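K.L.:
Here are the chains, one letter per residue:
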Amino acid sequence: MAAPSARRRLARALVAVALVVVVTFLFIHIVPGDPARAILGPQASPDAVSALRDRLGLDRPLLAQFLDYLSHAVRGDLGTSVAEGVSVTSLMVGRAAPTVALVLCSAILTVVLTVPLAALAARRPGSLVDHAVRTVPLLGLGLPAFWFALVLIQVFAVRLGWFPAGGYGGSPLQSLRALVLPALVTAVSILPFTVQSLRVAMIEAADADFVAAARARGVPPWRVLRRYVFRNAAVPAVVVLGLNMGWLVGNTLIVEKVFAIPGVGALLVDATLSRDFPVVQGLALVIALLVIGTNLATELVRIGLDPRLRHGKESLR
Amino acid sequence: MNPLLEVDGLSVAAPGRRGTTYPVRDVSLTVEGRGTVGVVGESGCGKSTLLRAIAGVLPRGLRAVEGTVRVDGREVDTRRPSGEVAMIFQDPMTGLNPVMTVGEHVAEVPRRRDGLGRRAAHDLAVHLLQEVGIEDAEHRVDAYPHELSGGLRQRVLIAAALSGSPRLLLCDEPTTALDVTVQARFVALLGRLVEDRGLGVLYVTHDLPLLGTMCDRIDVMYAGQVVERGSTREVLQHPAHPYTEALLAAAPRMDSRRARLVSIPGRPPVLLADTAGCRFAPRCPHAVDACDAAGPLGPGTSGHESACVRRDELEARSERGVAWR
Amino acid sequence: MSAATLAAEGGSSRTAPRLNGTLVAAIAVLLVLLAAVLAGPRWLPSPTEQDLGNILAPPSSVSPLGTDQLGRDVLARVLAAIRLDLVVGVTALLVPLVTGSLLGALAAWRGGWVDEVVGVVADVVQAFPYYLFILVLAFFLGAGLSSIYVAVAAVAWVSYMRIVRAEVHSAMQQDYVQAAVGAGFSGSRVLLRHVLPNVFKQPLTYAVTDVVVVIVSTATLSYLGVGVTPPTPELGALVSDGQQFVTVRPLLTVAPGLAVVLVGAALALLGNGLSRQVDEA
Amino acid sequence: MSLSVRQGEIVGVVGESGSGKTSLARCVAGYRTATSGTVEIDGRVMTARRGPLDRRRVQMVFQDPYASLNPRMTVRQTLREPVVVHGLRAAGRVGERVEELVDLVGLDRRYLDSRPRQLSGGQRQRASIARALALEPEVLVADEPVSALDVSVQAMVLNLLADLRDRLGMSILFISHDIAVVSHLCDRVVVMSQGRVVETGAVDDVFLRPEHPYTRQLLGAVPPHPWSGHPPASPGTSRPDPSQ
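Residue numbers (our numbering), protein chains in the order written: chain A, 1 to 317; chain B, 1 to 325; chain C, 1 to 281; chain D, 1 to 244.
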């Protein structure tokens, strides 16, 4: 992939942000028919439907509705939950901590598992160890998060009692303990991608002439591994981790639900099931913005790691 | 006194699906201090593999199975670098780590291996960059490889190679990717380093005319073996092996234009197992039945060695400058 | 002629590509699964046939995996569910595979603003995590397979677009494509004859692995109650159904869950084996 | 800058990397439009966007023989395509033309149904020259066609290009950084430096009596051919040639 400069990346992210705002606004207008009816479902009474239509201002021109939505969103007002009657923003803020903690734990666990596994496989490509490391994480691809979570709960919580079966809260240590199994589930779901790409990147780096040249002139082996192999392999690996952040975040939605963690993901699933439209819309907007932010950050980290990209020059490879 | 580099009966094996191949088979050669030895041959003749084996950086899957490599009389392990030889590669871009500055490359070994202080290592780096003829070294020391031209990168590679104070410099086609004028300056620099530092240089290339301008002695490699060896003058003026002659005849020359060049039909063989006889015979215009039982290198009339059974005829003919059948 | 020369000549002859072990194992597992899914209905009771006199039965020679809370045969239901999920996994990807590949080819071929527009739209789609997108769609379209089809079509094209775009991009730098342009061939001829035949393997290989993702997400959504609705047997729904009896009959949740893992693993290995085969060829 | 190539001559363009040789080649071959100036062939000005007929008249031979042939097409398919698309032969005579082409470049007919990966570098380069000739161009543009090849294969390709000039009267623009190769093959030479022509003329004049300092510098850097012996007129072969 060509490597555009940081500025171009930023411009494109801004366009994406604008489009995300428009798309989330249009959520209720995409479906054919009456949006209010779509929100309330087929069982709702005509009175309730028209009441909601009044409340959401659905009879006004589309542009006016959008400007209204935009001006509120900019001020942090994402509407009011139909089910709970409180503002979506406050609902979300109250639920943010467990989700952020879970995503962070998952990302850290992913890195902690990926680096040694990939290094092990890359040591001797084609060996038995390599085949095992390449094949076993692949099985994780077909491992449904919800089912894996159930199995872990049965084994480590119900039978062995090592970790709580779910929930979150209490002291930080208790919370952290509650996050071990959920983080493991999410990490395993993206491990196939990260191990694969870091392994390939490491093999490529290890075979490069500059590694042979450094070894030949007497650079100590550990330093060759750190400064030459890892440092160069990190660039593509960071990109893969960043690109899969969306997938990781998506999986936390499911995992939170199964482990009964009171986070944003569980809130979203519940809101979908209870047809609480403002919550779904607000959460979608915030999560999408966060993913765009992560991707942008990935790109900037990559530019930081690779001096060839710093001046907006095209990559030589 | 021991020669600086002494390779004795070295074979490198590459196990593969269709059996083990030998990119280098029973090669012996020596390089003296302050000496430049050239190794020439087509691609796929095992020249690069030979260099990598000496440097202890064979690519994955290859290993030295027979023979010894001695540097300064001491045997070195071909499985790991000895630190006394340094190597520079054909493509100066891929030879440098793209995420490290020029200074980091050059100061690394003094600082990390030899324990020099930060300041001293930096000063040494600048000094080495100046020694290889990089102007404005104080400034360039902070540049990244992609910011330099090909010629400068190649100089940085040499400076980095010199940073470990090696006795022997292995060059793997270092100028193939460079322009002629840059190549000429590079060769001049190499000559100066040989003089100033008493370096030994083993220089691999497929460019015979280039070797003529810089080497004391030449080893001609074909299919993993040395087929002719001697002083540069002897090898180039009186080639005693048809392969050397063919390489010379294939190179275009400035002084006889529009003559037909002689191309060598076929291509170098893959060496599955020990093959009896001359490996060049199937492509050789002068092959006779005796070639099937050709032996190792032997001295010819003028004293330099050739593996060809008809080396005496060949030498006599090239001295008289007449066509030969 | 010596052995050495024979080897050189042999090197230029065409050798049949050797199937790697992963590929053979994956194909074997898939064939067994397929045989079971197709032959199952001949020997087993119908997956929806209830027998209220025989509920939550342990495994027996009649019902190898026992029966569920309505007395339905578990093995029959699992096999039917595998079949459903496989069909959904494969068919749901047809549309995004085609649209994504075409958009990717177009983006690389035309470049400029077309490329930028396609790229930004892809960024926006990827900004909504997969499950979030599907949940939102399920919100409006209601639970059911159609939501899954629409969601996959709306999301999955991005990967194919990216893969094909990168492949076409590098193919266009190749001298043989430049030569075709220089020969005065029409744009469509260059694209169809010289570019696309050299890039189609990658998206197809990726699609095999992608089927796993679709199957897993179908199961996940059904588990959450927004995918396939009961009584249609679907693997995720089966897990969800059996969960309340997990202490009595763990097999009711374990069997469908393992089925997802097995199908997923076989397809993942197939995809991996194929991509290695493609790399070596 | 301006230069001209006459019927039946090979004009060499030499210069270092970044001197603009490749840009020149691409402009002439129609891959890139010149910011100013024109390319004329046989007195006819080529427009910025060339139609198929104009494209046909200039064909390019590329540097890397491993990238210049479509890996999925056999040699026969590669050679048929241009003949059929441009309607250069009646349907029944295309096969005959394809055989003519491989004979012309000295590629054995038994490789007609081979795919590129079954061919050696030299064979591939012959096949891509044959493909260029299939369009019956008036000018060949060869961009460093031998710099990726071994000396022995390089000699074969150089001989072939010389043959095309001598036997078919082909006009060739030959881009190279190798002074010895240009001196050997070309009739006239253009020396380029930093995007402009610094010297031009017959090879004998320019290389034996260089006037521009840059040309002198270039020539001074070329290692002399060391062998005083005469190259054998043609190698006698007492054994079967393994390549044929």
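Please keep in mind that the hints were generated in silico from the structure rather than gathered at the bench. Since the structure is predicted, the reported quantities are computational estimates derived from the model, not experimental observations. Hints are not guaranteed to be accurate.
[As the list claims (entries may be wrong)] Distance windows between CB atoms, simulated:
(1) His29(A) to Val117(C): 19 to 29 Å
(2) Pro197(C) to Arg49(D): 19 to 29 Å
(3) Leu176(A) to Gln243(C): 36 to 46 Å
(4) Leu176(A) to Glu138(B): 45 to 55 Å
(5) Pro59(B) to Ala28(C): 46 to 56 Å
(6) Gln194(D) to Glu135(B): 50 to 60 Å
(7) Pro213(D) to Asp196(B): 47 to 57 Å
(8) His29(A) to Thr33(D): 23 to 33 Å
(9) Leu38(C) to Arg226(A): 50 to 60 Å
(10) Arg119(B) to Arg223(A): 39 to 49 Å
(11) Asp77(A) to Ala28(C): 57 to 67 Å
(12) Glu138(B) to Pro213(D): 46 to 56 Å
[Claimed, not checked] Computed far set for chain B versus chain A, every beta-carbon distance over 12 Å:
(13) Thr68
(14) Arg74
(15) Arg119
(16) Pro145
(17) Ser165
(18) Leu170
(19) Ala259
(20) Arg260
(21) Pro296
(22) Leu297
(23) Gly298
[As the list claims (entries may be wrong)] From chain A, some residues computed to sit far from chain B (all C-beta separations above 10 Å):
(24) Asp59
(25) Arg60
(26) Asp68
(27) Ala212
(28) Val219
(29) Pro220
(30) Thr298
(31) Leu305
Where a beta carbon is used, it is the ideal one built from N, C-alpha and C, also for glycine.
K.L.:
If a hint holds in the structure, say so; if it doesn't, say that too.
P.N.:
Okay, the hints, checked on the actual structure:
no.	hint	verdict
1	His29(A) to Val117(C): 19 to 29 Å	22 Å, holds
2	Pro197(C) to Arg49(D): 19 to 29 Å	26 Å, holds
3	Leu176(A) to Gln243(C): 36 to 46 Å	27 Å, violated
4	Leu176(A) to Glu138(B): 45 to 55 Å	51 Å, holds
5	Pro59(B) to Ala28(C): 46 to 56 Å	35 Å, violated
6	Gln194(D) to Glu135(B): 50 to 60 Å	20 Å, violated
7	Pro213(D) to Asp196(B): 47 to 57 Å	30 Å, violated
8	His29(A) to Thr33(D): 23 to 33 Å	47 Å, violated
9	Leu38(C) to Arg226(A): 50 to 60 Å	54 Å, holds
10	Arg119(B) to Arg223(A): 39 to 49 Å	20 Å, violated
11	Asp77(A) to Ala28(C): 57 to 67 Å	58 Å, holds
12	Glu138(B) to Pro213(D): 46 to 56 Å	31 Å, violated
13	Thr68	19 Å, holds
14	Arg74	16 Å, holds
15	Arg119	20 Å, holds
16	Pro145	9 Å, violated
17	Ser165	9 Å, violated
18	Leu170	8 Å, violated
19	Ala259	38 Å, holds
20	Arg260	37 Å, holds
21	Pro296	30 Å, holds
22	Leu297	28 Å, holds
23	Gly298	34 Å, holds
24	Asp59	59 Å, holds
25	Arg60	56 Å, holds
26	Asp68	49 Å, holds
27	Ala212	4 Å, violated
28	Val219	6 Å, violated
29	Pro220	6 Å, violated
30	Thr298	17 Å, holds
31	Leu305	7 Å, violated
Checked against the numbered hints listed earlier, the structure breaks hints 3, 5, 6, 7, 8, 10, 12, 16, 17, 18, 27, 28, 29 and 31; every other hint is satisfied.
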